[in-house]
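Protein chains in written order, with UniProt numbering: chain A, 1 to 193; chain B, 1 to 47.
Worth flagging that the hints you see were computed from the coordinates, not collected in a lab. Hints may contain errors.
With a Cα cut of at most 30 Å, we get these calculated DSBU-like pairs of lysine-lysine [what the hints assert, rightly or not]: (1) A:93 <-> A:4; (2) B:36 <-> A:72; (3) B:16 <-> A:40.
Chain B residues, not near chain A, derived (Cβ > 10 Å throughout) [claimed, not checked]: (4) 26; (5) 33; (6) 38.
Glycine included, each C-beta is placed from N, C-alpha and C at the ideal position.
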Amino acid sequence: MEVKIEDSVLVREYISGDEKALSILINRHNQRISSFIYSKVLDRDITEDIFQDTFIKVINTLKKGSYSEEGKFLPWVMRIAHNLIIDHFRKNKRMPMFEGSDDFNIFSVIGDDKLNAEKQIIKNQIDSDLRELVDELPEDQREVLLMRIYKDMSFKEISENTGVSINTALGRMRYALINLRKIIDKHNIVLTN
Amino acid sequence: MEKIYSEQQNACRLAKVCPETVKFLLNYSRSLYITKYDYISFEGNLN
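Let the hints inform the model, and build the full structure from the sequences given.
And the structure:
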């Protein structure tokens, strides 16, 4: 027949250094305390967190020797758990948490449109490679390409600035792109993010 | 028929924390040591 050791005895043994006693206490009251916490918070993960915090307080108090044994170990632990549940709800009231559902994800509305560090490095590398490629172009083609792509000028504005017809500007732009593709193919350069 | 059941039946469900949490607590307990000096107690963690 298995003899059930009283909680008070296990607590005494734990205080005197027997770590096994704590294991028995936790396993003995695991379901009762967890179910109590779960019945209040209705969330598995939060139950785990509060259970953990409860026993951290229990361990600290027992090891410090500030626990006074009155044969009421479980009610004492339940009181600690209860206080931590109240703390949890107080904290949530101050900082309400929004949880999305399967149909709606908050990050689809508020998102950070900045690139992550890796993509930013790749983008910088591509920009730098592209600048070197543009420098390879003949002067007249490079001039049109820079005005069109980097300065966002219309072909009419480009023709006025360079003193050539719109058709010539269009032709130079066309050849600039063809030549850029040629240089890219020739050097097997990959310009994708 | 009169509705006699609780709306939050989940609240009555039996729960148990996972073995990892129990293991963590036992390890925490083993690593924690408290030194007392002149009515002041110092906590330390040996990992």
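So, going through the hints one by one against the coordinates:
| no. | hint | result |
| --- | --- | --- |
| 1 | A:93 <-> A:4 | violated, 42 Å |
| 2 | B:36 <-> A:72 | holds, 26 Å |
| 3 | B:16 <-> A:40 | holds, 14 Å |
| 4 | 26 | violated, 6 Å |
| 5 | 33 | violated, 8 Å |
| 6 | 38 | holds, 15 Å |
Of the numbered hints given earlier, the model fails hints 1, 4, 5; all others are met.
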